[in-house]
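**Student:** What follows is the residue order along each chain.
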Amino acid sequence: MKVDYFQSEYEIIRDFNKCIDCGLCITQCANGAHKRSKEGKLYTEDSLCVNCHRCVAVCPVKAIKIKKNDYSFKDNNSWKKEDITNIFRQAESGGVLLSSMGTPKDYPIYWDKMLINASQVTNPSIDPLREPMETRTFLGKKNSTIEFDENGDIKLEEKPFIELSTPIMFSAMSYGSISLNAHKALAGAAKDLGILYNCGEGGLHKSLYHYGENTIIQVASGRFGVHSDYLEAGSAIEIKMGQGAKPGIGGHLTGTKINKDISKTRMIPEGFDAISPAPHHDIYSIEDLKQLVYILKEATDYKKPIIVKVAAVHNISSIVSGIARCGADIIAIDGFRGGTGAAPLRIRDNVGLPIELALASCDTRLREEGIRDSVSLVVGGSIRNSADVVKAIALGADAVYIGTSALIALGCHLCRSCHLGKCNWGIATQRADLVKRLNPKEGRTRLNNLVSAWTFEIKEMMGGMGINSIEALRGNRLMLRGIGLTEKELEVLGIKIAGE
Amino acid sequence: MKREGEVRIPSGCAISGIFSKNKKLFSGESAITSIKVMHDRSNGLGGGFAGYGIYPEYENYFALHILYDDRVAKKDCEEYLEEHFDVINLSKIPTRKIPSIKDEPLIWRYFVEPLHARLLDSQLDEKEYTARCVIKVNSNIKGACIISSGKNMGVFKAMGYPEDVGEFYRLEDYKGYCWTAHGRYPTNTPGWWGGAHPFSLLDFSVVHNGEISSYDANRRFMEMFGYKCTLQTDTEVITYMIDYLHRKQKLPLKTVAHILAAPLWSTIDRMEESKKKEITFLRKNFSSALITGPFSILVGFEGGLMALNDRLKLRSLIVGTKDDMVYIGSEESSIRILEKDFDSITYPKGGVPYIVTLKETQQ
Amino acid sequence: MKSINAENLSYKELNSIIRQSNDSKFCLTGVMGQRFIGCALKNKEVEISGIPGNALGACLNGGSTIIVNNNCQDATGDTMNEGTIIVHGNCGDTAGYSMRGGKIFIKESAGYRMGLHMKAYNERQPLMIIGDRAGSFLGEYLAGGTIIVLGLRQEGNCPVGNFCGTGMYGGRIFLRSNSLPKDISPHIEATVANEEELNSIKAYIQEFSSIFGFESEEILKDNFYVLTASKSTSYKKKYIAV
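Those protein sequence lines, which keep their order, are chains P, B and U. Counting from 1, position 30 in the first sequence corresponds to residue 30 in the numbering used here; the numbering is continuous, with no gaps. For the numbering used here, count along the second sequence from 1 and bump the result up by 1000. For the numbering used here, count along the third sequence from 1 and bump the result up by 2000.
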């Protein structure tokens, strides 16, 4: 007798009155949730459904609905359904719980507790459609003193920098965690928009080298594909020290996903596991980081800005201060709500800090030490819309990284099943039949649309505040007010309460 | 109700300035006449003047004009001054009682120079030393406010219409080669004289018309370098930025203007290559010093005067010259009232500084 | 003709005298910065010696003429309906804001944001002519009417600053110049004025010339550009309903 501890999380409801039996749902579901019986009847294996909405989206007659299976345990606020079923899972398998994308837990979202200013009477607001409004952003070190030559002219000692048309970049998602077509869409959109995308720690596919001007290449603990061509290929180099979704943890791409192309790009044998260790094993202390930063600077003749990416953890402001003194040109801080291809559930849901608080305290600390201009700050970790971007810049960021938002633009429905490798949208998978569902040209257009629309919304909000150049918004905390925040939260964010 | 400095009070205003290139000394009355014409731009909640060349007998000493709420503040401040400076002379600033100026604080003037031994110990030059002491007093000594700290110059300000303030301070008795004037229209009753303009640090004095939207970005940039924005006014942060860029970064005033009122990228992209490179470098490097929002400012400094508008010229400004005299004002009537005919009339363009200096300092 | 020495009069006193008086012609001397002179004036004529203050002739009405024998300041003719303002000198910023009729003639140069949001309606066709140069943002948000900049001392160089006509969606801007501004927005159509277009402004230029003693024939000989709102690239934002 089989005892089933697990019931399906979802129910696939098919309206047989509408269904025309085209069978598209069967071919489109890589999880095999839609089947045809020997007698030719359509039926569903609900336990396999991950709620990715592929079948719903492609059904020509809209006959399919995915419902949450409302079977429930006895009401219990201490022990919710997921608490109970996770124990069932571990009792059965002895395994570490694994999941994908950012934490869905109900932690406070500080973006939604901050309000933006607008000009009235004492200062004119500006209409971005008809009046000049500038979002051009530069990332890199500034010169703390100006030097003059014998003629009394200013010595234009340029430190390496990144120029962006808008303060938004696509954050690191490795080739391996996402498909090549997704990378093609991101690279192409970055070029069209005049921004950068980050190729992640899986190396850079040969076919994408020509987007080098719009690429940030990443050097992570596994150092996959890090050869000289790779270092020269991008406009900037990012040292990945950590990731918001899984601070302190490395990465693991199983051998089954290392196909020919990935093997070539990562420079590891096919079928081999790709393990990114937790720390860089040549960085055990802050001075080692400085050493790596300078290895990369020397290797690229000091021509490319070096970014150091860290996860937001406790004491992040001291860490960031240390990194700023390491020679890094840009520091990227990843908040705990950031996405991931795969991470242990408990780490993803319980480790790290919200990016809003991390950003505010880092910006304040760097200013207190007088070194804010020695680095640019880029933040990420579930930036969901243009208002989040405006608030991030007002708190002190120079620019933001978007990952989850970009994937959603490409079709991701946040079903959080990336670790299964069967993404029906062709994003988080390497299966050729699935990858081809993501048309890079179309994806590129969708990303262009998203970032252009956000940029215009940012301009409208800036105009409302009477600001026509984005640099005047950076760190301009008087443009924010808190609502529903405690005094201590207001203090950490460095903003006043609405009404003051 | 919160006092100015504890809360930010936006305001609009009137400004004017008069300068003699030949260093001819003239009384503050002209400045009063000029600012009086623009009476309707103020609302009586603040007025002030800066005069340069007014203390020739003490021209090598820093002239500190200080406002005290009470005797305790005076005592504390004087104790601090004694510890850090050689006080050559001190006296009350002469004033006359007029009905429109009320609730005056104690108003004193000290001619000082840094105590030699302390100056050596600090390893600073006398200007940086004095600036730091002034900022220390203004942020730490309760009830004391040093409103000017330059050599051979002084700021006179109060709550009231500027023409009344001028009368109160007996400006007809002072003679200088440069005068700037300001009438304020704040949206609140600060009730505190220190909040009026001009704002001054060392020999820089700034009078300002407009409200800047970039204030907090500018303030948080300045506070990295030891400046403390105690008054939370736009004028204060603008003065600090000018001091930082000119005195500490040693950039010429023209370049400072190009940083504060940097041209738009669309304009920079059309510039010829070498100019484009320089302006891009400066704008990138000092991005936090960019001022957005309407402003027109008059910056007085030892031996000169600079007028500057925001890059979209959202506030008005006019310059008239006659022989060696230069007249600047928010409205044409404010300069016409002083001179019937001008040799030239200029309307400075947005973001383009108008700088005039004494003939004797020009090479 | 009533003569008034405005030297010791506040603007309130001065304007009240003009409003209450039964005279229809006034000659003001000693004017120095008094504001709102001729505000909402109806069927009266005021000649001014001195410098009038801001908002001269604001909300001006029909049958009224204001003549300034020197320069004028900001906000001249703000929201004016009808009438004529003649300035024998320079003009400050933001004159003719939201003008919906009438004429403003400036002999010399004008400041920034001239003719902002001027608008026309049926027989109300506002007109602004500037003799020499105009500053940036000329005709911003122009909705109707005509603005002409003659660049009389510019020797054929472009007589306006940056962002000329930004946001315009109606009306016409004529520039007497051999070259266009370098930053014309793609939402503006800028062409060399043809014979028909020039004929439509001939009478205006003649009127302007006769007031200030210029030769209209000479002026009309030179090259004129005309700026209008482009019909093909409108300012429609891309909105998507939620």
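Among these hints, one or two may not hold up.
Stated by the list, open to error - Straight line, CA to CA, 20 Å or less: simulated SDA-like cross-link-like pairs of lysine to any residue: (1) Lys2238/U with Pro132/P; (2) Lys1127/B with Val1072/B; (3) Lys1276/B with Met267/P; (4) Lys1275/B with Gly248/P; (5) Lys1248/B with Pro132/P; (6) Lys1248/B with Phe1281/B; (7) Lys2231/U with Arg130/P; (8) Lys67/P with Gln90/P; (9) Lys35/P with Lys81/P; (10) Lys1248/B with Gly494/P; (11) Lys67/P with Glu45/P; (12) Lys81/P with Gly95/P; (13) Lys1349/B with Pro132/P; (14) Lys1248/B with Ser374/P; (15) Lys1250/B with Ile408/P; (16) Lys2119/U with Ser2200/U; (17) Lys1349/B with Gly2089/U; (18) Lys1127/B with His1084/B; (19) Lys1228/B with Asp273/P; (20) Lys2119/U with Gly2089/U; (21) Lys155/P with Ser1274/B; (22) Lys1248/B with Ile408/P.
To be verified - Covered, in the sense of this in silico footprint (three residues per stretch, anywhere, with C-beta under 8 Å from a C-beta of chain U), are these stretches of chain B: (23) 1092 to 1099; (24) 1306 to 1319; (25) 1342 to 1351.
Said to hold, decoys possible - Calculated from the model, a selection of chain B residues having no Cβ within reach of chain U, i.e. all distances over 10 Å: (26) Asp1040; (27) Asn1043; (28) Glu1057; (29) Asp1069; (30) Glu1078; (31) Glu1083; (32) Glu1128; (33) Arg1132; (34) Arg1170; (35) Glu1172; (36) Tyr1185; (37) Phe1225; (38) Lys1248; (39) Ile1268; (40) Thr1280.
None of these hints come from the bench; they were simulated from the model. Computed from a predicted model, the values in this text were never measured in an experiment. We treat Cβ as the ideally placed atom computed from N, Cα and C, and that holds for glycine.
**Student:** It remains to establish, for every hint, whether it holds in the given structure.
**Tutor:** Status of the hints after comparison with the structure:
1. With a CA separation close to 18 Å, the supplied pair Lys2238/U and Pro132/P stays within the 20 Å bound.
2. Annotation: proposed proximity of Lys1127/B to Val1072/B is violated, straight-line Cα distance about 27 Å (limit 20 Å).
3. Of the pairs offered as hints, the one joining Lys1276/B and Met267/P is violated, with about 43 Å between alpha carbons and a cut-off of 20 Å exceeded.
4. At most 20 Å may separate the alpha-carbon atoms for a hinted pair to count; Lys1275/B and Gly248/P exceed this at roughly 48 Å.
5. Taking the CA atoms of Lys1248/B and Pro132/P, the gap is near 32 Å; set against the 20 Å cutoff, the hint is violated.
6. Straight-line distance between C-alpha atoms of Lys1248/B and Phe1281/B comes to about 18 Å, which keeps the hinted pair within the 20 Å bound.
7. This hinted pair checks out: Lys2231/U and Arg130/P have alpha carbons roughly 16 Å apart, not beyond 20 Å.
8. The hinted pair formed by Lys67/P and Gln90/P fails the criterion: a straight-line CA distance of about 26 Å is larger than 20 Å.
9. The straight-line distance between the Cα atoms of Lys35/P and Lys81/P is roughly 28 Å, outside the 20 Å bound, and the hint therefore fails.
10. For the hint pairing Lys1248/B with Gly494/P, the CA-to-CA distance comes to about 28 Å; that exceeds 20 Å, so the pair is violated.
11. For the proposed pair Lys67/P and Glu45/P, the alpha carbon gap of about 14 Å is at most 20 Å, so the pair holds.
12. Of the supplied pair hints, the one linking Lys81/P and Gly95/P holds, its CA atoms being roughly 19 Å apart against a limit of 20 Å.
13. Proposed proximity of Lys1349/B and Pro132/P is supported: the alpha carbons are some 17 Å apart, at most 20 Å.
14. Between the alpha carbons of Lys1248/B and Ser374/P the distance comes to roughly 18 Å, so the proposed pair stays at or under 20 Å and holds.
15. Of the pairs offered as hints, the one joining Lys1250/B and Ile408/P is violated, with about 50 Å between alpha carbons and a cut-off of 20 Å exceeded.
16. Pair hint Lys2119/U plus Ser2200/U holds up; C-alpha atoms about 18 Å apart against a cutoff of 20 Å.
17. Using a Cα cut-off of 20 Å, the hinted pair Lys1349/B and Gly2089/U holds, with the two alpha carbons roughly 18 Å apart.
18. Of the pairs offered as hints, the one joining Lys1127/B and His1084/B holds, with about 13 Å between alpha carbons and a cut-off of 20 Å not exceeded.
19. Using a Cα cut-off of 20 Å, the hinted pair Lys1228/B and Asp273/P is violated, with the two alpha carbons roughly 56 Å apart.
20. The straight-line distance between the Cα atoms of Lys2119/U and Gly2089/U is roughly 25 Å, outside the 20 Å bound, and the hint therefore fails.
21. For a cut-off of 20 Å, the pair hint linking Lys155/P to Ser1274/B stands: about 12 Å separates their Cα positions.
22. Distance check on the hinted pair: Lys1248/B and Ile408/P sit about 49 Å apart at the alpha-carbon level, beyond 20 Å; violated.
23. Interface restraint, the segment 1092 to 1099 of chain B with chain U: violated (0 residues with C-beta to C-beta distance below 8 Å; minimum three).
24. Under a criterion of three residues with beta carbons nearer than 8 Å to beta carbons of chain U, the stated coverage of the segment 1306 to 1319 of chain B is upheld, 4 such residues being counted.
25. For the segment 1342 to 1351 of chain B, the proposed coverage by chain U is satisfied: 4 residues have a C-beta within less than 8 Å of a C-beta in that chain, meeting the threshold of three.
26. For Asp1040/B, the non-interface assignment is contradicted: its Cβ lies about 6 Å from the closest Cβ of chain U, within the 10 Å cut-off.
27. With a closest Cβ-Cβ approach of about 15 Å to chain U, Asn1043/B is found to remain outside the 10 Å limit, as its non-interface label requires.
28. No Cβ of chain U approaches the Cβ of Glu1057/B within 10 Å, the least distance being about 36 Å, so the stated non-interface status holds.
29. Every C-beta of chain U lies more than 10 Å from that of Asp1069/B, the closest at about 36 Å, which supports listing it as non-interface.
30. With a least beta-carbon separation of about 43 Å from chain U, Glu1078/B lies farther than 10 Å from that chain, consistent with its non-interface assignment.
31. For Glu1083/B, the shortest C-beta to C-beta distance to chain U comes to about 49 Å, beyond the 10 Å cut-off, and the non-interface label holds.
32. With a least beta-carbon separation of about 39 Å from chain U, Glu1128/B lies farther than 10 Å from that chain, consistent with its non-interface assignment.
33. Separation of Arg1132/B from chain U is adequate, the least Cβ-Cβ distance of about 41 Å exceeding the 10 Å criterion.
34. Interface exclusion of Arg1170/B from chain U stands, the closest Cβ pair being 24 Å apart, more than 10 Å.
35. Listed as a non-interface residue, Glu1172/B keeps its Cβ farther than 10 Å from every Cβ of chain U; the least gap is roughly 20 Å.
36. The beta carbon of Tyr1185/B sits about 14 Å from the closest Cβ of chain U, which is more than 10 Å, so the claim that it is off the interface holds.
37. For Phe1225/B, the shortest C-beta to C-beta distance to chain U comes to about 34 Å, beyond the 10 Å cut-off, and the non-interface label holds.
38. Even its closest Cβ contact with chain U, about 33 Å, leaves Lys1248/B beyond 10 Å, as expected for a residue assigned away from the interface.
39. Annotated as non-interface, Ile1268/B keeps its C-beta farther than 10 Å from every C-beta of chain U; the closest such distance is 12 Å.
40. Non-interface call for Thr1280/B relative to chain U: holds, since the shortest CB-CB distance, roughly 18 Å, exceeds 10 Å.
In summary, the structure is inconsistent with hints 2, 3, 4, 5, 8, 9, 10, 15, 19, 20, 22, 23, 26 from the numbered list given earlier, while agreeing with the others.
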